[in-house]
Every structure is written in C-alpha cells, then in structure tokens.
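*Asks:* Sequence:
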Amino acid sequence: MFQKINKTNYPPNNSILVWDGECKFCKWWKTRWELKTEKRLTFKTYQEVSSQFPDIPVKEFKKASRLIETDGSIYSGPDSAYRSLYIAGNKKWHFWYSKYKWFQKASDVGYNHIAKNRSFYYKATIFLFGKNPKKPSLYWLYYLLAVTLLIIAL
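Numbering that gives the first Met the number 0 numbers the first residue of the sequence shown as 0 and each following residue consecutively.
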C-alpha cells in the first residue's frame, strides 16, 4: 500500500501532479486528466522531479501519484486524482474522500489494486476506450449492446 504523505518542505511554484512516466496505464489516464484540468495543473513524471522533493522517498513516488500544491500540501493515490478534479471544478470526489472513511478506504484499496496490476488495467482501458486518450471510443457500450442482444436472442 502506498504511504500517505501530507506535506513537503519543498513546495513547487505551481501545483503539480507527479506520476510514473514508465507506466502506460498512468500515461493514458494522465492525458485524460490533463484535458479535464485545462492547464490549471502541471503534470510531471517522478523521474523528472523526484530530486526536487528530497523529503518524499522515490519508492513512494513509484507506488502512487502525488499532487503537490504550492503550500506544500500533498495528496496521494486516489486523492491526487480527486484533488485534480477539485482543481478542475468537480469538488465532490475530494470532498467524499475527505469526509467519508468508507469512501477513503474503498478508494485506497481500489487504487492499490490497480497500481499493482497496471499492465492488466492498461489492456482493459485500451479494450474499453481505445488507444487515443484524447478521443476515447465507447467500445464498452458496443460490447454491452452485443451481450444484451445475444441474451435477448437466446
């Protein structure tokens, strides 16, 4: 499980989402998040910026994404995604993560499972949405329709 780190003594000049640049799953979803946040947030790989945050162990950057804000606050794992959406204007996910322990636990467990199985989830992402994160296709809808029609036909 990833470690939650709340603060850094080396705050960046702009809020930054730090992700694993060697992870295809991470790259696909980072591109989606960039579109959602509309340049209100900087995205950098931990390979590029980990040396700027010596109080955050590299092994922790490898386990989970981190959103680091200009006051030094750090949001880890699923809350880095929720806080990114918060910056983009969708405040409910970060609010739920902060307020409801059951939601926080479910998010952390789900995030940890995905992080440990990135290759599988990358393949699932491509299968369901296609290779282009800027223009995802709704393949999952076609699969659901095909299964529904098959069930009706039987």
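Please note: incorrect hints may appear among the correct ones.
Using C-beta positions, here's what the derived DEER-type ranges look like [as the list claims (entries may be wrong)]:
1. PRO56 to ASN13: 31 to 41 Å
2. TYR99 to GLN2: 55 to 65 Å
3. PHE94 to LEU149: 34 to 44 Å
In silico DSS-like pairs for lysine-lysine, Cα to Cα no more than 27 Å straight-line [as the list claims (entries may be wrong)]:
4. LYS134 to LYS43
5. LYS115 to LYS100
6. LYS35 to LYS98
7. LYS38 to LYS90
8. LYS6 to LYS134
Keep in mind that the hints were calculated from the coordinates and are not lab data. Positions of the beta carbon are idealized from the N, C-alpha and C atoms, including for glycine.
*Asks:* Could you run down the list of hints and mark each one as holding or not?
*Replies:* Cross-check of the supplied hints:
1. PRO56 to ASN13: 31 to 41 Å: Since the Cβ atoms of PRO56 and ASN13 sit about 23 Å apart, the hinted range of 31 to 41 Å is violated.
2. TYR99 to GLN2: 55 to 65 Å: The hint (55 to 65 Å, Cβ to Cβ) is violated, given that TYR99 and GLN2 are roughly 21 Å apart.
3. PHE94 to LEU149: 34 to 44 Å: 40 Å, holds
4. LYS134 to LYS43: 22 Å, holds
5. LYS115 to LYS100: Roughly 22 Å separates the two Cα atoms, so the pair holds.
6. LYS35 to LYS98: Given pair LYS35, LYS98 holds - Cα atoms ~23 Å apart, limit 27 Å.
7. LYS38 to LYS90: Measuring from Cα to Cα gives roughly 17 Å; hence the hint holds.
8. LYS6 to LYS134: 35 Å, violated
Comparing the model with each numbered hint stated earlier shows that hints 1, 2 and 8 do not hold.
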